[in-house]
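Enquirer: So you can see what is in the structure, the chains are spelled out below.
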Amino acid sequence: MIYGASAVYYRELLILRRRLTRLIPSWCVSPLLYLIAFGFAMGKHVTLDGHTYMEFLLPGIIAMTSMTQAFAISSEINIARFYWNIFEEIQAAPVSDISYVAGEVLAGMTRAFLAILVVLVLGFLFGVVLSLNPWFWLAILLNSFLFASLAVGIAMLVKSHADQSLMTSFVITPMAFLGGTFFPLENFPEWAQKIIYFLPLTHAATAIRTAAFGNRPSFVSLMILAVIGLLFFCLSVWCVRKAKD
Amino acid sequence: MIRIEHLNKTYKTVQALKDVNLEVKQGELFAFLGPNGAGKTTTIRILTGLTRLSSGRVSLNGFDVGNRSIESRRQCGLVPQSINLDRELSVFENLTIHGKLFRMDRQERNKRIDELLDYVEMSDRKETLVKNLSGGLKRRLMIARALLHSPSILFLDEPTVGLDAAIRRKIWALIRKIQQHGTTIFLTTHYIEEAEFLADRVAFLDKGSIVVVDTPEALMNQMGVWALDRLKEDDMETHYFNDRKEANDYIAAHKDSFTLRRVNLEDAFLALTGKKVK
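Chains A and B, in that order, are what the protein sequence lines are.
Reading the first sequence from the start, the letters are residues 251 to 495 in our numbering.
Reading the second sequence from the start, the letters are residues 259 to 536 in our numbering.
Just so you know, these hints were derived from the structure itself, not from any lab.
There may be inaccurate statements among the hints.
Stated by the list, open to error - Which chain B residues stay away from chain A? Per the calculated CB distances, all over 10 angstroms, these: (1) G295; (2) L308; (3) R332; (4) C334; (5) V419; (6) L432; (7) D501; (8) S515.
To be verified - Computed spacing ranges between beta-carbons, pair by pair: (9) A:F448 to B:K465: 46 to 54 angstroms; (10) B:E346 to A:A412: 17 to 25 angstroms; (11) A:W441 to B:K465: 55 to 63 angstroms.
All residues carry an ideal CB built from backbone N, CA and C; glycine is no exception.
Using the sequences and the hints given, assemble the complete structure.
Expert: Here it is, written out as structure tokens:
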């Protein structure tokens with residue numbers, strides 16, 4: 251399994267390396283706009299639980315970035331599958347479905363971690379310094395694992411690149427705004443809080459923020475991320491199998 | 259060795275392959291000939307594990323494609339119809355990825371890459387990005403990539419489609435060279451002259467069924483030696499002769515415009531299926 255996964259991962263790393271000079275500026279744009287518009291302009295005089303709004307916002311942006319960048323691997327898979335037919339080259343090789351998913355998920359996680367490093371540097375430039383303890387990295391790891399696993403499965407289910415954009419519009423974007431990224435969940439009506447509690451990003455944002463403030467995140471949140479992540483991983487393996495016509 | 263027994267493939271309501279039975283011996287160059295949509299690519303996709311079969315049994319060197327897919331995939335190399343190289347990566351990087359997918363260690367992989375680039379006359383392109391290669395070079399690279407892990411069976415799905423005549427002949431020479439090293443080659447094509455020039459045996463496929471399997475010579479001999487084409491208003495009429503004199507006598511007797519040529523595989527295909535290979 252390891253050989254197959256490492257080969258798939260190696261391919262994605264080569265492509266990532268080739269595009270890195272274009273990707274780093276693109277990773278800066280959204281976080282920079284959120285930090286300027288929400289953090290600097292709107293939330294300048296806002297404090298939440300003794301933290302400035304900028305300190306509240308940055309872990310949320312980190313949670314969102316780890317989600318969007320891990321999920322972005324689905325676009326890469328789709329381009330390789332629908333436009334370049336490279337998926338066939340991997341399918342024709344003696345690589346198991348689980349190895350393929352593991353390689354792609356690792357690639358999505360790597361992409362998420364690199365993008366988070368960029369966000370941390372931007373946060374530092376805005377004067378926000380977070381506690382980068384093991385709990386912080388564990389929460390990011392679980393969140394990126396979850397969304398990279400979801401991405402591989404969805405990439406196998408969609409029939410075109412356009413379908414992929416629809417999934418982003420209907421699943422990822424709403425979660426990015428409602429999952430406790432920009433404002434506390436307590437600001438929602440009680441009925442809405444109950445729904446939002448089921449979003450994985452809610453648990454990721456809460457866990458990352460708690461850890462970033464130097465506290466230990468809720469065990470339940472970390473477990474929820476781990477269990478949903480594993481479930482998505484298994485579903486992705488099944489989807490890869492089903493992708494053969 | 260490739261063995262196909264009672265192979266059927268159905269896509270929803272369309273039966274793409276109907277009870278296909280075939281055996282290709284080690285070292286043989288076998289061509290699958292048929293019009294577009296006959297089921298050539300579906301057969302190759304099933305043989306290489308890209309598509310699941312509906313019923314029947316398929317094995318490569320004794321390894322069942324369905325039950326022992328990982329082992330059967332190790333036996334073969336595939337050159338698909340469409341270019342499936344990583345455009346943004348170099349020739350060397352594309353080959354390295356393939357070597358890693360087939361669990362080749364670094365030393366063996368790098369040695370084999372150098373050998374194969376030399377073999378396909380692309381040693382000077384090792385660091386070139388694939389997007390900067392011509393169509394013919396991309397095809398040669400795909401063949402080199404399929405041979406990297408030293409498979410005993412090579413599947414070529416329309417290997418020269420879209421290439422000009424000169425480059426096509428270069429690819430043919432390369433295919434011949436590969437066969438001389440003992441590799442079994444399973445080729446699909448709708449270029450008649452390609453099958454005629456390369457194949458030891460040919461199978462005609464029509465609407466998912468094998469119509470006939472034989473050597474190109476035997477199939478053409480059934481028709482005669484000379485073919486006389488007469489263009490009618492909306493069709494072409496062809497007469498076959500064993501002797502050139504007979505053909506000339508026919509032309510003299512009919513006072514019409516004819517084209518005299520040697521019989522080819524397309525004539526045999528036309529006679530057996532009633533349609534042209536296009």
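Enquirer: Does each hint fit the structure? Answer for all of them.
Expert: Okay, the hints, checked on the actual structure:
no. : hint                                 : result
1   : G295                                 : holds, 16 angstroms
2   : L308                                 : violated, 5 angstroms
3   : R332                                 : violated, 5 angstroms
4   : C334                                 : violated, 8 angstroms
5   : V419                                 : holds, 14 angstroms
6   : L432                                 : holds, 20 angstroms
7   : D501                                 : holds, 49 angstroms
8   : S515                                 : holds, 46 angstroms
9   : A:F448 to B:K465: 46 to 54 angstroms : holds, 52 angstroms
10  : B:E346 to A:A412: 17 to 25 angstroms : holds, 22 angstroms
11  : A:W441 to B:K465: 55 to 63 angstroms : holds, 60 angstroms
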